[in-house]
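A.B. asks: What follows is each chain in one-letter form.
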Amino acid sequence: MEDPQTAIEVAAGADGRAVVALAGVWSIQEALPEPEAAAGEVSGLGSKAVRFETDRITRWDSGLLVFLIRFEQLLQETGITIERGGLPEGARRMLALAEAVPERAGARGKPVDLIWIGDLGVWATGMWNGLRDGVEFLGNCVIAFGNLARGRARFRRSDLFLFMQEAGAEALPIVTLISFLVGTILAFVGAVQLEQFGAAIYVANLVGIAMVREMGAMMTGIVMAGRTGAAYAAQLGSMKVNQEIDALATMGISPLEYLVLPRMIALALMMPLLCLYADAVGILGGVAVGVVGLQLSPITYYQYTQWAVQLDDLVGGVLKASVYGVLIAFFGCLRGLQSGNSSSAVGEATTKAVVSSIVAIISACGLFAVLFYVLGI
Amino acid sequence: MSSASDVPATAPAGNGTQGGGAPTAFAPDAHITVRDLTMAFGDFVVMKDLDFTVRRGDVFVIMGGSGCGKSTLLRHMIGLIEPAKGEIFYGEESFTRATPAAREKMLRSFGVLYQTGGLWSSMTLAENVSLPLSEFTDLKPAQIAEIAALKLALVGLAGFEDYYPSQISGGMQKRAGLARAMALDPDILFFDEPSSGLDPISSRLLDDLILELQASLGATVVVVTHELASIFAIGSNCVFLDTDTRTMIAQGDPRELRDSHPDPKVRRFLTRGGQGEETGHVQEK
Numbered sequence: 000m001e002d003p004q005t006a007i008e009v010a011a012g013a014d015g016r017a018v019v020a021l022a023g024v025w026s027i028q029e030a031l032p033e034p035e036a037a038a039g040e041v042s043g044l045g046s047k048a049v050r051f052e053t054d055r056i057t058r059w060d061s062g063l064l065v066f067l068i069r070f071e072q073l074l075q076e077t078g079i080t081i082e083r084g085g086l087p088e089g090a091r092r093m094l095a096l097a098e099a100v101p102e103r104a105g106a107r108g109k110p111v112d113l114i115w116i117g118d119l120g121v122w123a124t125g126m127w128n129g130l131r132d133g134v135e136f137l138g139n140c141v142i143a144f145g146n147l148a149r150g151r152a153r154f155r156r157s158d159l160f161l162f163m164q165e166a167g168a169e170a171l172p173i174v175t176l177i178s179f180l181v182g183t184i185l186a187f188v189g190a191v192q193l194e195q196f197g198a199a200i201y202v203a204n205l206v207g208i209a210m211v212r213e214m215g216a217m218m219t220g221i222v223m224a225g226r227t228g229a230a231y232a233a234q235l236g237s238m239k240v241n242q243e244i245d246a247l248a249t250m251g252i253s254p255l256e257y258l259v260l261p262r263m264i265a266l267a268l269m270m271p272l273l274c275l276y277a278d279a280v281g282i283l284g285g286v287a288v289g290v291v292g293l294q295l296s297p298i299t300y301y302q303y304t305q306w307a308v309q310l311d312d313l314v315g316g317v318l319k320a321s322v323y324g325v326l327i328a329f330f331g332c333l334r335g336l337q338s339g340n341s342s343s344a345v346g347e348a349t350t351k352a353v354v355s356s357i358v359a360i361i362s363a364c365g366l367f368a369v370l371f372y373v374l375g376i
Numbered sequence: 000m001s002s003a004s005d006v007p008a009t010a011p012a013g014n015g016t017q018g019g020g021a022p023t024a025f026a027p028d029a030h031i032t033v034r035d036l037t038m039a040f041g042d043f044v045v046m047k048d049l050d051f052t053v054r055r056g057d058v059f060v061i062m063g064g065s066g067c068g069k070s071t072l073l074r075h076m077i078g079l080i081e082p083a084k085g086e087i088f089y090g091e092e093s094f095t096r097a098t099p100a101a102r103e104k105m106l107r108s109f110g111v112l113y114q115t116g117g118l119w120s121s122m123t124l125a126e127n128v129s130l131p132l133s134e135f136t137d138l139k140p141a142q143i144a145e146i147a148a149l150k151l152a153l154v155g156l157a158g159f160e161d162y163y164p165s166q167i168s169g170g171m172q173k174r175a176g177l178a179r180a181m182a183l184d185p186d187i188l189f190f191d192e193p194s195s196g197l198d199p200i201s202s203r204l205l206d207d208l209i210l211e212l213q214a215s216l217g218a219t220v221v222v223v224t225h226e227l228a229s230i231f232a233i234g235s236n237c238v239f240l241d242t243d244t245r246t247m248i249a250q251g252d253p254r255e256l257r258d259s260h261p262d263p264k265v266r267r268f269l270t271r272g273g274q275g276e277e278t279g280h281v282q283e284k
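Chains as they are written, first to last, in numbering that gives the first Met the number 0: chain A, 0 to 376; chain B, 0 to 284.
Misleading hints may appear alongside valid ones.
[Claimed, not checked] Per the computed footprint, the stretches of chain A lying under chain B, defined by three or more beta-carbons under 8 Å from a beta-carbon of chain B, are:
#, segment
1, 19-32
2, 189-200
3, 241-255
[As the list claims (entries may be wrong)] Residues of chain B placed beyond 12 Å of chain A at every Cβ, according to the derived structure:
#, residue
4, Asp28
5, Leu197
6, Asp207
Hints listed in this document are in silico derivations from the structure and should not be mistaken for laboratory results. Ideal Cβ placement from N, Cα and C applies to all residues, glycine included.
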């Protein structure tokens, strides 16, 4: 009715059947009339049957079909029979085609309406399954490392070197930037406090110990989780979508050995090196603030740093970095292998990999702090 | 479902119209005209000297051996790749030289079924079909939902509106892809290997569906395939692309090409190699 070109006229026919005359353009590109009014008029006539006159339709497409389907549904509810004879040939065939395959029973999913306790149950079983998957994956990783120790693990050595390059040398620029900035931030925060009682030189101790014991390893870990852990999850996830992982498995090559092992080794080897590098760059950031901002002598700064930072601190930091590397590779690969079979599932897996890695890194950091305290390191 | 007899009868096309002098005017019922098209990736020429017309209401088959450039030709026709030389016309309007706005309008009258369905995996089937409707029409959400349900019912997927593509089989994904291709009631439907990955029965059903839709909608259909059964069941006109000469070597009704094309290569292809040079000789005697 909205469109002047589109028109519905309902009239009582001579033979006792109602006549619905359609005219104008019936297209999804135009506004479509609602069938309720016309259906009401037809049932008002009291006829038991309806036929159509469509000679004056100038153009039609799916818009007409949708109208007719709704119109017929409305009339059938009131027990009026419909004769499709007057409809355009193509429309009759399309309607028949749409009805040719009836809806498969049970295909339409029942709307699941859970109360909160149901949601809680779904969440809890989800968590439990995730934990079980994680433990299973951990076990498989241990077996794979066992095979590696016996020299039986199957993976390409060239892959390992490629992953080492990707997770090592290629990560240097971003690690440089982040650690330098972290070093300067620590120095500024310390300087504001220490300058108040004329102990600005202790910025060297603060930055040195903080970088070497904690921040070097943690910041490298977080950068690598976002960079490499995410990449691993995306790679393995899309390999799963493309059935590449199935292909490996059916050839008798363990995806765990072939895909996960080299990634884990690469990160476990590269993370300590990156951490050492980050420590050095972070201390340089501190030097920059100390020398330029606080007018400290570089020599004094160097001596204080050397005096403050012990070998224990360095070894502890590097050890942590290696553990973080294994955690990042573990969660990156686990989430990738758990991914569903669609592009959105791969994105989800990548997000989960980064979140899990960072949570794991921070938790591990806390555990190490307690451990080192108890051991008195 | 109706059978192959529902194809609009088309006059037998002139055999082997390859070359045949550059046409200057358009054929009277031309829907798609490809003129002097060269497809190339850098310096590598995939196909050259392509000249053919798809008539309105045709089911036009692009055929040829694997890797000869069939899909590349389709991708040229739908504007995913620009021609190295030559031009493609829809009606009498150039697609190749159209302004971006004009081209977008032309693209909206196309429906494309990609080889692997190309469904958006983060959306349900209903959302897949609804997206073009909600972007390009002013319909109300309820009407869009009805149209999406209708399109899915047309391809035999009634009730599967809320499924994600990963939850249904490959054949159903193909059909859902077809429903999405039809969303805007296109004038031209392009199919890239519709039967690849389908069993013979599903493939046959899809062919029937294509024919039925073509007959009821009156759309022009362009199909890339090398499935002989499909070619003869649905094709009313075709071009044959040849890898060796890097051009088209035959054009016309596929049944006629099989029976009487002078080039044995074409006859051999259309008879699965069974009626080639050797057996061809026997028949000629």
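A.B. asks: What hint numbers does the structure not satisfy?
C.D. replies: 2, 3, 6
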